[in-house]
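Peer 1: Knowing the structure of chain X, use the given hints to seat chain A on it.
Just so you know, the sequences run in chain order X and A. Note that this note's numbering has the first sequence beginning at 1, numbered continuously upward. Note that this note's numbering has the second sequence beginning at 1, numbered continuously upward.
Source of the hints: derived by calculation from the structure; they are not laboratory data. Hints should not be assumed to be uniformly reliable.
[Said to hold, decoys possible] Calculated pairs, DSBU-like style, for lysine-lysine (alpha carbon to alpha carbon, straight line, at most 35 angstroms): (1) K249(X) / K153(A); (2) K146(A) / K249(X); (3) K190(A) / K227(A); (4) K282(X) / K153(A); (5) K190(A) / K153(A); (6) K146(A) / K282(X); (7) K146(A) / K190(A); (8) K227(A) / K153(A); (9) K264(A) / K227(A).
[What the hints assert, rightly or not] According to the in silico footprint, chain A covers these stretches of chain X (three or more CB under 8 angstroms from chain A): (10) 279-292; (11) 368-374.
This one's a predicted model, so the numbers in the text were calculated from it and none came from an experiment. Here a beta-carbon is modelled for each residue, glycine too, at the ideal position from N, C-alpha and C.
For reference, the chains in residue letters:
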Amino acid sequence: MWQQIRAIAWAQFRIARNHLPRTSVGSVLMWMLSLLWYGIYAALAIVLASRLPDTSIPELQRWTPPALLGVFLFWQVVPLLTLSTGWSLQLNRLRAFPVSDRSLFGIEVLLRLTSAPEMILILTGAVIGLGRHHAVPLLSPLFLLLYIPFNLFLQLAVRELILYSFERHRFRELFAVLVISISVLPQLLARTQLGHVLRPYFFAAARGYATPWRVTGSLSLGPPSATDMILLLIWIFAAYALSRWQFEKGLRHEDIFRHSGPASAMSAKKAGWLDGPTRLLKDPLAALLQKEFRGLLRMPRFRVLFGMACIFSVVVFIPVTLNHDIRHGSGFVSSNFLPIVNLYGLLLLSDVLLLNVFGLDRSAAQLYFVVPIPLAWVVRAKNLVAVAFICLQTAAVLIIALIIRANVTLLSALAGAAASAVVTVYLLALGNLASISMARPVDPAQTFKRQAGARMQLWILLCGVGMYALVGFAFLARWALQSDGALLGILLLEFAIGLIFYHIATESAVRRGLHENERMLNALSKGASPISAG
Amino acid sequence: MSAVPELVTAVTSPDDTPAIEIQDLHKIYDGVHAVDGLSVTVPQGCFFGFLGPNGAGKTTTIKMLMGLARPDSGSIHVLGLPMPQQSLDIRRQIGPVPDDSLLFDYLTGGEYLDFVARLYGLARSSARERSRELLELLQLDENPRKLIGEYSKGMRKRVAMAAALIHSPRLFLMDEPFEGVDAVGARLMKDILREQVHHGATVFLTSHVLEVVERLCDRIAIISRGKVIANGTVPELRAQVASGATTLEDIFVQLVGGERYSGKFDWL
Chain X
1 MWQQIRAIAW AQFRIARNHL PRTSVGSVLM WMLSLLWYGI YAALAIVLAS
51 RLPDTSIPEL QRWTPPALLG VFLFWQVVPL LTLSTGWSLQ LNRLRAFPVS
101 DRSLFGIEVL LRLTSAPEMI LILTGAVIGL GRHHAVPLLS PLFLLLYIPF
151 NLFLQLAVRE LILYSFERHR FRELFAVLVI SISVLPQLLA RTQLGHVLRP
201 YFFAAARGYA TPWRVTGSLS LGPPSATDMI LLLIWIFAAY ALSRWQFEKG
251 LRHEDIFRHS GPASAMSAKK AGWLDGPTRL LKDPLAALLQ KEFRGLLRMP
301 RFRVLFGMAC IFSVVVFIPV TLNHDIRHGS GFVSSNFLPI VNLYGLLLLS
351 DVLLLNVFGL DRSAAQLYFV VPIPLAWVVR AKNLVAVAFI CLQTAAVLII
401 ALIIRANVTL LSALAGAAAS AVVTVYLLAL GNLASISMAR PVDPAQTFKR
451 QAGARMQLWI LLCGVGMYAL VGFAFLARWA LQSDGALLGI LLLEFAIGLI
501 FYHIATESAV RRGLHENERM LNALSKGASP ISAG
Chain A
1 MSAVPELVTA VTSPDDTPAI EIQDLHKIYD GVHAVDGLSV TVPQGCFFGF
51 LGPNGAGKTT TIKMLMGLAR PDSGSIHVLG LPMPQQSLDI RRQIGPVPDD
101 SLLFDYLTGG EYLDFVARLY GLARSSARER SRELLELLQL DENPRKLIGE
151 YSKGMRKRVA MAAALIHSPR LFLMDEPFEG VDAVGARLMK DILREQVHHG
201 ATVFLTSHVL EVVERLCDRI AIISRGKVIA NGTVPELRAQ VASGATTLED
251 IFVQLVGGER YSGKFDWL
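One chain only, chain X, in its complex shape (with noise of 0.2 angstroms):
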């Protein structure tokens, strides 16, 4: 078994390092940024490491069991809000060569490791901590170590979970829907009234007898109890018997679900009504948009991700306006809600939509080549697309808003509109030229943000904050002249220059990809790996 997972580990090691640029700065970059992330955490640890030796046992006993929960949250609750699940073994890939299941689920498990480090570092963190503490017995901490197996197995079977629930035709959306909900409740716990009212739930399920952030919690601080470590192994035994049931079960839908391509996507059937705006227009960029339409709508991650950047970008909004009167409220989100709503869908959208827009059609995008039509027809078709979706995204926003009676007037609207104009013209132009030079396949049936790479992933970061300064500068100007009308008329400005930049942005990008096409296509035919990005 040993021997077979270091083997993928091996191959796992050599594509990655194959395929990355090694002298790349964008992964320099990323290889920075991520560093600064966990560095957080990692500085977290330390202070964990360095103050829990001076804190009582009474406070220990207090905060151990909510702060565990807590760890239990963030390990089980972040993947589903990111619908990212960390790095995982492509099964089809590896299921060909005489690899046991036993294995393949030690690995799974190990590569649960991938979905949430940040916890990991916390909890070396506290068990060094509690080691130093001279009142706790010296190796009861490391019972905080069992914790890991536990959050692992579970993580696995919540994996599972998701990933056929996703497979499901009809439970898809719903799940999303779910998703969205789940992920409110952090916020609405800590910013609302609602929240000092469920706060003692919170804290009377933390401390509730038996489990397992409990036991884990009194077990850590000692002297070990035999109930609680009868307790803590059938938890343990629980989340592995469970994980390893939701694993076979995976792996006999294998051939089902995984091996029949895209069968699970839209019906062919439900395409049609798409056919009759573009008999409007003449081909070919009606066939090409048609095509466009047709593709994403069928690709299940794009509809949820077009749902997420629709619903998401309000739900997760509402809370932080909670504090004030969102109908008429006076704080800076209550009384920008639309714009802010916006930009943040547009943002989730941004990089299949606008940075990457060859990456969906992966090797296919030949065909523009082999076609007697010119590129920047097809680059323009794209684009057209991306913002049909975005039109469609701020109007889903503005229909929400005024649902739940949220702070809509008419300059809000249009400041919202307009934000959104700005932000896609620039995001366009850019795209345009990024999609050229740094091109990427995109596998539809796996998360897209993480396979983005280190160089698109600056890329979309640096895209962000631009977004945000250029809209950010109307704002300024707003506030310092005191004006609406300096608002919309400073994006009304940048939209101007923004449409000019994208004319040359884009004739750019479209020589770039004649001259370049050979590289281009060479990217985004690059082949595949046995561990996933999530």
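Peer 2: Relative to the frame of chain X, chain A by itself:
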């Protein structure tokens, strides 16, 4: 089923201009010559086989013919037009089947053919009509709602073939067109291609199935390490090698050099 004759009505009669004329073509990847001074001429109305061992430069050459790769030096003329200078005009007249997929997984076979036909400038009604006919001809019409992503490898090749046929091209550029296709499908595809050549079209194909090439092709070029090492009809090629070579496979192995397995390893 009369779809084939209808499809080829637009094919013009052969003239003196070669379908493909390659002169001293070079392509270098990371310092390695993938194509190294390759020259070959393919007359119009010819069924031309382009053979070579793995890594000989076949796919690179066919990609340069399609405009998917840029030559480092040398010249390519396709149907009398220089590539890549007149790439757009050339693309209007070729039917490409590259080794990598040109297919979009989230379209049905019919939608894909309709899409490609419209990119070639066919009117919507005739695009739809030809798609339907080709799906029927290539036996892909059983489940019209099936997405291409659900197709088997052979079915994907058949759709790619149908897409190459849909605009009645004058020249077919095909990289391993029969790979993964069952005997019935391959027979059908060969019949269609023969019919196209009969009506004046030119087929330039690569294949590792030498029996198929021997039976189909009028002329054959064998390349090795980016260079043409033999060119001609099968009897002409036979004359270039030592006696005893009866099949194209024998000729090929003698020309490119190969070893026979003689039980070297005691564990195998």
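Peer 1: Which numbered hints are broken by the structure, listed smallest first?
Peer 2: none
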